[in-house]
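**Student:** Residue-level listing of the chains:
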Amino acid sequence: MIPVPTDPPPHDVTSDAPRDLAVHTRGLSKHYRHPWTLRVTTGLADLDLDIRRGEVFGYLGPNGAGKTTTIKLLLGLLRPSGGAGWLFGEPIGTEASRRRVGFLPEQPYFYDSLTGPEYLEYAGRLSGLDGREARKRAAHWLGRVGLGARRRLPLRKYSKGMLQRVGLAASLIHDPELLILDEPMSGLDPFGRRDVRELILEQKQRGVTVMLSSHILPDVEMLCDRVGVVLGGTLRRTATVNELVASQQQRVEVRCVGAPLVTIPARWHGTIDRFELPEGTTFVLSDENDVNDVLAWLIGAGATLRAVTPQRASLEDFFLSVAESQGVDGRDRRSA
Amino acid sequence: MSAVAPAMRHRRDATTALVLGALLFGAAFVLSDAAWRRLPHPRPLEELAYYPSGQHLRPATLGHSETAADLAWLRAVQYYGEHRITDNRFERMEHVFEILTSLSPHFVPAYVFGGFALAQEGGNFPAAERLMLKGIEANPHSGWLSFELGFLYYVRPGGRELKRAAQYFELASYQPDAPPQARRFAAFARQNSGNLAVSFELWREVLKTSRNPFLRETAVREMRQIAQAIEAGRTTTGGRPLGVPQVLLTPR
Amino acid sequence: MNAVLIARNTFREAARDRLLIAALGAGAALLSATQMLAPLALGEGLRLTVDLGLSGITFIGLALVLLVGTSMVGKEIDKRTIYNLLSRPVSRRSYLVGKWAGLAAALWIVALAMGAALVLLLLTRGQAGHIPSVIQAVYLAGLELSVVTAVAVLFSAVSTPALSALYTIGLFLVGQWSYDLREFAARFPSGIRTMCEMLAALAPNLPVFNIRTLAADGTVAPALHLVIATVYAAAYCAGALALATAALETRDFK
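Chains as they are written, first to last, in this note's numbering: chain A, 6 to 341; chain B, 6 to 257; chain C, 3 to 256.
Just so you know, these hints were derived from the structure itself, not from any lab.
Quantities reported herein were computed from a predicted structural model and do not represent experimental measurements.
By construction, the Cβ of each residue, glycine as well, lies at the ideal position given by its N, Cα and C atoms.
There may be inaccurate statements among the hints.
What the hints assert, rightly or not - What follows is a list of derived Cβ distance ranges for each label pair: (1) B/39 / A/157: 48 to 58 angstroms; (2) C/26 / B/60: 30 to 40 angstroms; (3) A/199 / C/83: 22 to 32 angstroms; (4) C/236 / A/221: 49 to 59 angstroms; (5) B/44 / A/112: 56 to 66 angstroms.
To be verified - Where chain A lies over chain C, by a calculated footprint (3+ residues, C-beta under 8 angstroms): (6) 12-19; (7) 79-86.
The whole structure should be built from the sequences, with the hints applied where relevant.
**Tutor:** Next comes the structure, spelled out in structure tokens:
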């Protein structure tokens, strides 16, 4: 794909760039034109995104939605087709804009022949640390991500999880003010994921802004203050996690025994799901407002109640509902 | 199927492949040896013979014409050595030395060796003369080359060219790298004496100073012949250098 | 400063990938071979050693450039290690200069090591008079390799590793033949002649780095020759890297 040539961003944009925002974009776009058919594909369309200093922002979307495109545009790895962006007030694509940023790419690759400490020192020095400071921090961060015991091992012998940890350490070694993490949990076992979550929370407490791109929604739900959902190259919605979840209806799960033969009354058809299990019957109510009536009916029918459990709507539910409403089935849009 | 069977199968496959590989390499080894013994070998200078001239070969050396000349020199020496002990025929010699000296015009020993080989064993004085003159043109300040050309004119089998010999000995004497006797030999040649003793001295000079073992061998041989001729009261040693068995002079 | 860091890392990678050792080993093997062939050279063994040694620097260096230099940028893009660098406050220009400098440094090490071995051989054979011309020839060989490396980095930034290698070999050949090309051009009518002359001028003037003929005779080249060659090499390398930067500036790393 060849990038569509563009007009350069407007001059003197820094006067428009609020410095209290870690990330600020206006109309940021990326289009590709096929070299033979000349068909234009949109990687990202008119992104207006603001991420405040100190917040943890989740950037959600299925594969090919534009999450990585956004990140690469912010970091200058892709040149925008249109619009503009700033990181801490510095225009994207400049060295100055990257000075305070730490980046963990999806599936990080490193120089095979270097050891962990060597790579981290190299990364730190490239980000402006002097040699001694870089070595000191490399040792600290290597231990912090649980790789302190394998100092002499070359990176080519690292497992996927170990590479992910090194990548994380490299993104943090220079004390960045903005952390951009693209699928940070990928390749990690549950212990690793827990460690990463702790690291992110630790950075948040230090006031570091975190932009977390993921499609693992429970992690995002746990860590993020705000979430943006991108589908088909467009940012569909941004809101806090609570706002998003609250907009979904709560479900309630009722477990009971002695109700195998009861028939669900017609008025509740489609709103109550029923599951017969060896230990009893479970009814899932999609509308929490029906709880009292359902309980009364079950008791009246002779069932013995065992548990009534509200099920908090999840981000996943929200995400799927947004996707369905936009007519997007979440299949990867990226063509060959 | 048990869990052991796949592992055994892999080991068996590996062993089969190893045995097959060893057998095939063994067969190749035997064939190679047979080819070496039975089939005709490519002659070392075949490839050079196909090039029209050294000037055309130069671009192909990609700026490394000196190295190419050295490799050609090794082949030329090998060629000379082989034919010297077999049939004493040096058909490709002129062409090879032409290429060699075109690749490396300042490679003075190549002109000297080529000149001697062509004049003496090769029996082709005109070719030797052409080669030496080419060398002098490319290296006008080489006293050594001028001296050696004078030498060749002086000892020329079938008739000395004393005037030319004197000219080149004299030319040599003006150059910084000439042998110190150049002026003396110029005088001898001008005297038109065709003196065998002078020839003996010239060959002794070669024996003393040349780094080339073939040339030193030739010098020893020539000195021996001259000594015999002087003893027998002769004034020449004859047309061709002695010591080459007649039976080898028959055409192929 | 970033360019220096990247250069050091590039050199370290070449050393750790054992390419440097292999190159030095090849050089040692070549010089050993010359010592074994020397007795067959009828007294011209020293000339053989110097010529083959100097040619070896060029060809071993060229092999390294083709193996490493032509895929340097392309490989980093494919393996995405380039993200680690360019997502930091590192300019694409520093990146390219660093990559070039690292590989050129490795090649200079090979040239200097082989040069030192040649000087040692000359000393032990009592031919110290040839040493200055050999040192000059080694210096110019190092400059030649630096220029070819810059060409390889340029192609590596715009093309795939395989095509880069072909383009680099192509430009190397045109460069070696640039003087022949100029002479050849003189036979043609003015349009084609101008085109050929331009091609010869644009290709790297590699014959300017070739004083092997002088070194074979122990003749020292004038200082002006070295100065011109050095300035030319610097200008050509800078030009190639500038073009590489221009190409990389607009490149997207998907």
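**Student:** Each hint needs a verdict: does it hold in this structure or not?
**Tutor:** Results of checking the hints against the structure:
no.: 1; hint: B/39 / A/157: 48 to 58 angstroms; result: holds, 54 angstroms
no.: 2; hint: C/26 / B/60: 30 to 40 angstroms; result: holds, 36 angstroms
no.: 3; hint: A/199 / C/83: 22 to 32 angstroms; result: holds, 28 angstroms
no.: 4; hint: C/236 / A/221: 49 to 59 angstroms; result: holds, 53 angstroms
no.: 5; hint: B/44 / A/112: 56 to 66 angstroms; result: holds, 57 angstroms
no.: 6; hint: 12-19; result: holds (count 4)
no.: 7; hint: 79-86; result: holds (count 5)
Of the numbered hints given earlier, the model fails none.
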